[in-house]
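Chain by chain, the residues:
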Amino acid sequence: MSRYIATRALRGANSLVSEAEVMLQKALQEKGPETPVSFPNTAYYLPTISGMTGINVETLGQLKEVLGQARTLLHPLPSENHWTPYLGETLDSGMATLLAAETIEAVRFVYGLQPEACPGFLLAGGTSYGPEDGKDHLNGPIDDIQLRSWGIQLVDGRMPGFAAIVGCAKSNAVAVKLVRELQRRNILTFLSGNVNGRSIIHQLQEEGVELGYDTYTVPFGTDTLSAIYALGFATRSALTFGGLKPGMAHEILLYNKERVFAFVLALGEVDDLKYAAAAGAINYGFPVIADTVIPEILPTGVTTYEHVVSMPFDEIAGKDDLDKAEQLIQKCIEVRGVKVKVSNVDVPVPYGSAFEGEVVRKADLRVEFGGKHSRCFEFLHMAKLDEVTDGKVEIVGPNFSGVAAQGSMDLGIVAKVAGRQMQADFEPVLERQIHYFVNGASGIQHIGQRDITWIRVSNVAAEKGFDLEHFGKILHARFHEDFGAIVDKVEVMIVTDPKGHTEWLEKARAAYDFRNKRLADLTDDKVDEFYSCTLCQSFAPNHVCVVSPERLGLCGAYNWLDCKASYSINPTGPNQPIKLGKLQDFVKGYWEGTNEYARIGSHGAVQEVSMYSIMENPMTACGCFECIVMLIPEANGVMVVSREDTAMTPAGMTFSTLAGIAGGGLQTPGVMGVGKFYLISPKFISADGGFKRVIWMSSVLKESMADEFKAVCEREGDPDLLDKIADERNVTEVEDLLAWLEAHNHPALVMDPMF
Amino acid sequence: MAKKREIHEYSSDPAAQQMLARAEELGIQTAFTRADDMAPCNIGGAGMCCKQCGMGPCRLTKDGQVGICGATIDTIQARNLARAIAAGAAAHSDHGRDMAFLLKATANNEAEGYFIRDIAKLRIVAGYYDIPTEGRSPEEIANDLADLYIAQYGQQRGEAAPIRRAPKKRQELWRAQGVVPRGVDREIVETLHRTHIGDDQDLEHILEHAIRTALADGWGGSMMATDISDILFGTPAPILGQANLGVIKENMVNVVVHGHEPSLSEMIVAASQDPEIIEYAKAAGAQGINLSGICCTANEILMRQGIPAAGNFLHQELAIMTGAVEAMIVDVQCIMQALVSLATNFHTKIITTSPKVRLKGATHIEFDEHKALTIAKQILKVAIDNFKERDRSKTQIPQIKEDLIPGFSNEYINYMLGGSYRGSFRPLNDAIMSGRIRGVAAVVGCNNPRSSQDYLHNKVTKDLLKQDVLIVQTGCGAIAAAKLGLMLGEAGLSEVGPGLREICETVGIPPVLHMGSCVDNTRILTVLTQMVAEGGLGDDIDQIPAVGLAPEWMSEKALVIGAYCVASGAYVIFGGASPVSGMPDRVADSDLVQKYISQGWEERYGGKLDFILDPDEMVKVALEHIDKKRAALGLPEYNPEAFGRSGDARMRNLEALPLEERRKAIYGTAAD
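Order-wise, the sequence lines are chains A and B. First residue of the first sequence? That's 5 in our numbering, and the numbers climb one at a time after it. First residue of the second sequence? That's -19 in our numbering, and the numbers climb one at a time after it.
Chain A extracted, bound-state conformation:
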């Protein structure tokens, strides 16, 4: 801090705490102390308050104690002369500001004033608030579902951090540029605040920039207070992935300093409240960068690098405002030490994984490949080094200039790769990357894989000159960048010519079949090593995944082949082979090697791990699991809750609450976080009876994987099993569940007791 900043932050903190006290007093009188308060879809109560004070607020009355604590953290302003030190005092007051801000937002939720109304606004994916989802309001706090689904990207570094932007940019064009620069680097962007009533959210809205979960840019609210949601998100990261408990304030803050690469970007005038909130953020190790003149604090310590940096927009060296905006983002990244990997892909549209979630709507569509009206496939195969011309992109057939607007055509993407370390087993691993790589281009939407691929190109992208050859350029660049250790040469052929298309599609289908068989043959008993996955140990220090051919990682992102490829790419990386050694119990899945690894990998937190049981030494979880499997003792079976399901479950808890039990690297018999494809594995809790134990499942899962489950039911010798499994549409209480199971004659009822 400096005395100037301390003075303003302390003033801001003192007045905000007073304001919160008045608001709370009024709410207590009008609504009563027993009135429930909560943020949507989170198991972490009011997360900043819970993390920092250990108070799990459920009613308005509890907020009095919170503000009592906030008040004790306040300090008087430093004197004009002969001042006493102010750094510690300002940081404490910053914390008081955060407690007061979250209190105010909680009270606003009680009054229906959050999420903030914004008529005409449409969220591109956001927190679920019920039927009017995403329309006419901003996002408010991020829910646990999204936190967890971003989890794997945050932990494996694909999403290198988050930016909390507060205020209003110099112009709309600058606002768009800033956000695009962040998206290009896959940095999650949270938007809040305003300057004289105008917010960057307004600016982006006017420019038609899609805001929401899907585009990595989340509009919290147009006032400064809503920036508290960024810190709530940060606090929950530590609780969810770091295994920390509410009230472990010091550890939560240090976790964020060391592992969560976030920063605050203040656009426009910085007022007292912004200074105060920034002082709160610095407690988390998050530096503050301003585009106006404010005193700079360059010494380090509370943050890893500089604490406060001023980069007055007009003083930035750059040829125009857009260039300056780029420099500004560059500086932010430097100050926080964010490790960014920028893909330099030579395409005429913006490129980065922030664009992966973009949707191309019918109205914006130039041309599509696949879907209802055409066929599209993608196929990657390896060849000898001398058979591949690196960088060659060949178009076989016409391009899409002749296709009518919103029309469709057949397309095949055939990638031929070669490399000394390349193996046939890696072909499907690499092929699956095409989805992510193509999706990274702004204005291009990619869905599906293999011969059910469906690609859309938007008008904007086509106008900027995006053409078929760019698919090839993207693949060439990205395969080299991400898989350079195993791929030396990449050649791409884009086929639209009908004859060639048919020929190649047949070749591809033969290969898909071959690979399916190979995968089906690849069972746990046929290999002598599994793989560890410690990708998320930067976030969940004591958690380890053991990945076997029949049990993929709980995040759903890494199967055994992926791990094998990853080990080839980076032999000292997060995926290490685990020599199985002596088999101890094949039913429950114990090997000498896996147990030993669990002990070492978890730093002693876990002594043994069973690969196939939920009841005995189940595998732990970080926080990024796709679903939770949990024992329902009364029903002698398990329920499976999807991450996307916000409804109540027969266990009396929602996914968010359950996740608190399943995550953090803790071994809890009867509860397990898993990847959804593990559900269809023959080894799915095979020690406890397998898939027949599933007595309840979120409908979203049931429907999205209906075909796969049908096959599993056949395999288990009970083809109608899926219909016997209840879901939230018909059952949310245990009593009803038992009645349902009786009525449908579910096999679990007559199986051996689970414990």
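Check each hint, because a few of them may be wrong.
List of simulated lysine to aspartate or glutamate pairs, EDC-like, C-alpha gap at most 16 Å [unchecked claim]:
1) Lys644/B / Glu273/A
2) Lys511/A / Asp455/A
3) Lys388/A / Asp492/A
4) Lys68/A / Glu38/A
5) Lys644/B / Glu38/A
6) Lys706/A / Asp724/A
7) Lys335/A / Glu319/A
8) Lys644/B / Asp318/A
No wet-lab data here; the hints were simulated from the structure.
Following the hints, complete the assembly by docking chain B onto the known chain A.
Chain B alone, transformed into the frame defined by chain A:
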């Protein structure tokens, strides 16, 4: 006879100069003039005089000469130095013992007016020694801690308990060297035994035990004294205070407390705020009671209560010379016998209070912690009764004083660098590692009338500040810097190099941190230990780019402090004369001990003790040492050019502009 000096050569403090002129006017002798009259004995000064037995004294002044018993010069010097260190350790540690008994009495509700103020610190300290704290009352914990601390004095075997608070590597080094102290009293007694006629007569062996004795103080008696003072009177935190003779007030009953122990002075503070006493003072025609301090008693109540300091050691006579002091209340250490006869020129009453210290001719009102408040009030009433005796014609108070912000305990330093949630030494270590702070210097110690008062202290301090060296101070040295305004936030903007300025501005600290009284030098050991624990500056104290300086040392306590700092790994530079200098220009090998406490100790402990007269040389050597340690840690070379960009200056300039210009300058073109 030495040359008579000019007044400005006596002291660099203008308030002192005024009073010295006044003394001349009144024809009164002071320590300053007596120093002129009394040339130091050159043989004793060189450590070459042995008075250990009745066969002597033996004065050794020739090559190869030995004492009657055959003792060589180096044996005699080593024995003299060891005895001085033992005496210093005895003084500090005995102070600690009294504090431990006071804690015991307080825990058992037998000490009138005392209570446990800092329960948090009590629990932390108890935690060092595995004293159970959960579910126990502060009194129960304090009773156990007091018992443990009292036992440290008489402990005969094993290791003194506070040793475990040093860095692990340092503890191992002490064990390897065989210098881990057993008990405080045992080490001091053994020093006296070993230095008796016909005992230990090997300089290295004698000095090895001197180190062990010093450690029994630094990581024993003194450390315990600081702990208990904080527990009973509160751990210091920044507070506005004042220093220099100008704090003495014309229309009030002026009471000056002088000496070292906070136990009495804290009670005097409490009593002086008692309505009954204030009324009593008003009834005597005064506006109230004005309390101030001299020496380390001043530091104790300055850093905790903001009670002003009238001055440091050499101000004790000068305060009386104002003619406005009704009573000077003294306890132990550094109290000049000259006060009594000086006071006869004025109305001032000298009141001794310690059962250990009496001055012939002074009033004695013995302090007893069991009825402390009652005695404190009784003493104040004596002072108030004396107010009517003040002779206004003889009153002359220099209107010179300066504000300061003292109170930098290691606990507060930890807090100030990150607040309740993120407090740590990380920002300090970072600042040193980056080179914003080149290194840290502790400038501590006494006043010595042989040199100009405060001059060496402040010269060294100011020069080091310009070189981006952060300074911590205790004792009389601290009051010297305070009088010069170096303990204010403003000095952190104007008196320092560019990197240190950034740190001062970031944290809001003065560039010179007041860490307490001389017994509180252990706080510096704790800070150094915490810096090691924080990481990045090596794994032991001797690797930190830091130095200790005592430019105006004079007491035996200074020697024990120097010795335990060396044993802890610090480079310590004393100004003034060395007590073991020998006469190497005339007598060969008469500087063996001098060399040994420098090179010999450095080989063993990584720290060393040098005596350097010239302040420029002191600064040069200190910086060389700091840079050497930086290089050994692989830190970047000190480069002031690299820093100084952050801070308020630009903002404040822009804010002074007219509104429109200001808006444009700060916010640029406004958002659309």
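Now the hints, each set against the structure:
no. : hint                : verdict
1   : Lys644/B / Glu273/A : holds, 11 Å
2   : Lys511/A / Asp455/A : holds, 11 Å
3   : Lys388/A / Asp492/A : holds, 11 Å
4   : Lys68/A / Glu38/A   : holds, 12 Å
5   : Lys644/B / Glu38/A  : violated, 50 Å
6   : Lys706/A / Asp724/A : holds, 13 Å
7   : Lys335/A / Glu319/A : holds, 13 Å
8   : Lys644/B / Asp318/A : holds, 10 Å
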